[in-house]
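Chain order of the listed sequences is X and L. The numbering used here puts the first residue of the first sequence at 1, with every later residue one more than the last. The numbering used here puts the first residue of the second sequence at 251, with every later residue one more than the last.
Hints in this document: simulated from the structure, not taken from any laboratory. Glycine included, every Cβ here is placed at the ideal spot set by N, Cα and C. What you were told as hints is all true, and nothing was included just to trick you.
Derived DEER-like restraints, expressed as beta-carbon distance ranges:
1. Glu72(X) - Arg494(L): 16 to 24 Å
2. Asp212(X) - Thr397(L): 24 to 32 Å
3. Val340(L) - Ala231(X): 43 to 51 Å
Protein chains: 2
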Amino acid sequence: VSGGSLRLNAQPLPGIPEIEPGADLAELMAATRLMEGDVLVVAQKVVSKAEGRVRRLADVDPSARARELAAELDKDARIVQLILDESVDVVRAARGVLITRTRHGFVCANAGVDASNVPGDAVTLLPDDPDASARRLRAALRERTGTAPAIVISDSFGRAWRLGQVEVAIGCAGLEPRDDQRGRPDALGAELSATELAVADEAAAAAGLVRDKAGREAVVLVRGLERYVTADDGPGAAALVRSREEDLFR
Amino acid sequence: VSGGSLRLNAQPLPGIPEIEPGADLAELMAATRLMEGDVLVVAQKVVSKAEGRVRRLADVDPSARARELAAELDKDARIVQLILDESVDVVRAARGVLITRTRHGFVCANAGVDASNVPGDAVTLLPDDPDASARRLRAALRERTGTAPAIVISDSFGRAWRLGQVEVAIGCAGLEPRDDQRGRPDALGAELSATELAVADEAAAAAGLVRDKAGREAVVLVRGLERYVTADDGPGAAALVRSREEDLFR
Numbered sequence: 001v002s003g004g005s006l007r008l009n010a011q012p013l014p015g016i017p018e019i020e021p022g023a024d025l026a027e028l029m030a031a032t033r034l035m036e037g038d039v040l041v042v043a044q045k046v047v048s049k050a051e052g053r054v055r056r057l058a059d060v061d062p063s064a065r066a067r068e069l070a071a072e073l074d075k076d077a078r079i080v081q082l083i084l085d086e087s088v089d090v091v092r093a094a095r096g097v098l099i100t101r102t103r104h105g106f107v108c109a110n111a112g113v114d115a116s117n118v119p120g121d122a123v124t125l126l127p128d129d130p131d132a133s134a135r136r137l138r139a140a141l142r143e144r145t146g147t148a149p150a151i152v153i154s155d156s157f158g159r160a161w162r163l164g165q166v167e168v169a170i171g172c173a174g175l176e177p178r179d180d181q182r183g184r185p186d187a188l189g190a191e192l193s194a195t196e197l198a199v200a201d202e203a204a205a206a207a208g209l210v211r212d213k214a215g216r217e218a219v220v221l222v223r224g225l226e227r228y229v230t231a232d233d234g235p236g237a238a239a240l241v242r243s244r245e246e247d248l249f250r
Numbered sequence: 251v252s253g254g255s256l257r258l259n260a261q262p263l264p265g266i267p268e269i270e271p272g273a274d275l276a277e278l279m280a281a282t283r284l285m286e287g288d289v290l291v292v293a294q295k296v297v298s299k300a301e302g303r304v305r306r307l308a309d310v311d312p313s314a315r316a317r318e319l320a321a322e323l324d325k326d327a328r329i330v331q332l333i334l335d336e337s338v339d340v341v342r343a344a345r346g347v348l349i350t351r352t353r354h355g356f357v358c359a360n361a362g363v364d365a366s367n368v369p370g371d372a373v374t375l376l377p378d379d380p381d382a383s384a385r386r387l388r389a390a391l392r393e394r395t396g397t398a399p400a401i402v403i404s405d406s407f408g409r410a411w412r413l414g415q416v417e418v419a420i421g422c423a424g425l426e427p428r429d430d431q432r433g434r435p436d437a438l439g440a441e442l443s444a445t446e447l448a449v450a451d452e453a454a455a456a457a458g459l460v461r462d463k464a465g466r467e468a469v470v471l472v473r474g475l476e477r478y479v480t481a482d483d484g485p486g487a488a489a490l491v492r493s494r495e496e497d498l499f500r
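Given only the sequences and the hints, what does the whole structure look like? Please build it.
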């Protein structure tokens, strides 16, 4: 097959082991030869573990509100407490599902608090500032390897009107999160209306297709997005958060 | 780079010209040598054109309700009429944006009615039954080439809480739309909770990253998803529609 102007390639990076708090993720990623224009999509889980965003449930003392909500939802009150601590707003609490708006502005199940792929009596929280995490990883890679691939930190989110989860960008550095195509002419010369591609989310989704969900493939290398990779770190995935006021879908 | 168990590749098919009503899309796609396990992500716009799902605005006589809504939203009343005809429910009408639930169950802006990349005084509507469109394209390819790649028909949708649009699957045939991973063990042997990958949507998103938005690259070939490609056509993208009753995000 030839003739297409663009070509996307996504493949897991080999050899990222089980991550412990304090692990040097950039060092692990630098073991692969990276190029300018590369995009590395890193699973939130390993970033959270490396940053110590792990809580032992035995250390959590749930409030009365958390206990009440937990009883309603048939959930562990300590997990509900952690979810509430991470959230600014409860969007929906019903049938065992707790959907909140996190401090970052993400609307997702359980505020990203997750017990899978965490050893023992512990859960991971989302990184405190995923865009800052992405910038730090990028800077560390630049320092070690001389090249600065773009970094996307991704998590799997459910959606409002569609079943199944997709990976989305919760943090990024060096990748244009949105490509504003409004005002550009279409193939017939007419102006395109309201086309603004969520580049970072589509990159995360492409990575989601090759990632081993059992959690052993924490980093996916995406090639073919050079035109969206920038020298500066840019606005990050914060630029993908629709404010409550702007949210016409609510 | 080696060692990753999976590798995804996405690239536009060359040589799909401007599509006229009645065009033989399968014939155009068959010009590329396809393999079993391939996935072709076809832009909704060309499917709609080939199927004659095009309306001239001069032929539309807007109702009183369409005129009223059009005045509120500062839109063309004839376009509003077409949107209402395609919809079962208005989700939101404000600030120039009309979000509805289509007959298919999709929640999107303008019910998919779109004036871009359509010549003259005309707009395209979504295919009447995009899963049936995908099945027909697959059958036609099987007949012509002896191979039956999976077909995804995609459109760009906005999202509830996130800015920017992503391509999603509005129709599919021969691709598992969702991969239910609930109950499988994670890397540490614990059961994964609520992980159900929206495969068809992630495939559409990957295609969105390489598609030329000016509309000249109507079909994207995605390789590396063989494990999700099935001999039978399967449930289609209808399996991605969350019913109003099930929609915990509302």
